[in-house]
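Enquirer: Single-letter residue listing:
Protein chains: 2
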Amino acid sequence: MAQLNDIAIRMLQEKNFVFIATLGKTSGAPQVTPTWVDVDNGYVLVNTAIGRMKQENSKRDPRVALSAVDSTNPYSFTAIRGRVVEQITGQAAEDHIDKMAKKYLGKDKYPFRQPGEKRVILKIKPERVVVQE
Amino acid sequence: MAQLNDIAIRMLQEKNFVFIATLGKTSGAPQVTPTWVDVDNGYVLVNTAIGRMKQENSKRDPRVALSAVDSTNPYSFTAIRGRVVEQITGQAAEDHIDKMAKKYLGKDKYPFRQPGEKRVILKIKPERVVVQE
Chain A
1 MAQLNDIAIR MLQEKNFVFI ATLGKTSGAP QVTPTWVDVD NGYVLVNTAI GRMKQENSKR
61 DPRVALSAVD STNPYSFTAI RGRVVEQITG QAAEDHIDKM AKKYLGKDKY PFRQPGEKRV
121 ILKIKPERVV VQE
Chain B
1 MAQLNDIAIR MLQEKNFVFI ATLGKTSGAP QVTPTWVDVD NGYVLVNTAI GRMKQENSKR
61 DPRVALSAVD STNPYSFTAI RGRVVEQITG QAAEDHIDKM AKKYLGKDKY PFRQPGEKRV
121 ILKIKPERVV VQE
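In order, the protein sequence lines correspond to chains A and B.
Take the first sequence: its letter number 42 is residue 42 in the working numbering, and every next letter is one higher.
Take the second sequence: its letter number 114 is residue 114 in the working numbering, and every next letter is one higher.
Hints may contain errors.
Quick list of in silico lysine-lysine cross-link-like pairs, DSS-like style, CA-CA up to 30 Å [stated by the list, open to error]:
1. Lys-123/B / Lys-25/A
2. Lys-125/B / Lys-99/B
3. Lys-59/B / Lys-109/B
4. Lys-125/B / Lys-59/A
5. Lys-15/A / Lys-103/B
Rather than coming from a laboratory, the hints here were simulated on the basis of the structure.
Chain A extracted, bound-state conformation (with noise of 0.2 Å):
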């Protein structure tokens, strides 16, 4: 497991947007799009429900990549290289996004869940840390 240094963990815990890259399904075609992220551990947490595209590419290929930018400097960025370990469903996921609805909305309750949704919190164990600063 590649550790995340300090830059890392602080450019994950404020309030950037990463880019996750995950692999498609018919020819493992990469496929990125943006999200919120949380880190936990040395971990990198990225909360998506359950069909979404990169649920769906990281259980069947767990490999995925992440990209951000310092929001204050966008010449300085971190890019991971990792794998999901692990996809948590249930009270924790649905919990979580509301954690990552109150760092990057302010609310207490994430507003946007569609009717039946589940959350699940894709948990990527970092294999690869570059650092721009």
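Here the structure of chain A is known, so what remains is to put chain B in place on it, guided by the hints.
Expert: Chain B in isolation, oriented as in the chain A frame:
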């Protein structure tokens, strides 16, 4: 070839960074980094240097994905999947990085050129375009 709609074109024309995913050499694992971007006649152009990871990766496997958020509204984003159909080197690529320096830095000459560096334009044909307003 998928059409870039007006919103996607605007997002690529403005001074937004895009995040580009390519596939790594050992086993096709995804990699993602931020980069400057240009758009020309329906193609997405990314200028890098020969030998950089995204150049070597996309030469081996031309499938790429890109995403950008709107600088004024991070919940509005474009996600593009496509293919590098040409790598353009020589004077055209050297001139183009100066054009990018003008766009992003307001400078006539790209100020970060390294000794011996050769620039290359990755000319990307969009195959799938998703825009969320």
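Enquirer: With reference to the structure, classify each hint as holding or not holding.
Expert: Going through the hints against the structure:
1. Lys-123/B / Lys-25/A: holds (24 Å)
2. Lys-125/B / Lys-99/B: With Cα atoms ~20 Å apart, Lys-125/B and Lys-99/B stay inside 30 Å; holds.
3. Lys-59/B / Lys-109/B: Answer holds: Lys-59/B to Lys-109/B is near 27 Å, not above 30 Å.
4. Lys-125/B / Lys-59/A: With a Cα-Cα distance of about 28 Å, the restraint between Lys-125/B and Lys-59/A holds, given a limit of 30 Å.
5. Lys-15/A / Lys-103/B: This hinted pair holds, its Cα atoms lying about 26 Å apart.
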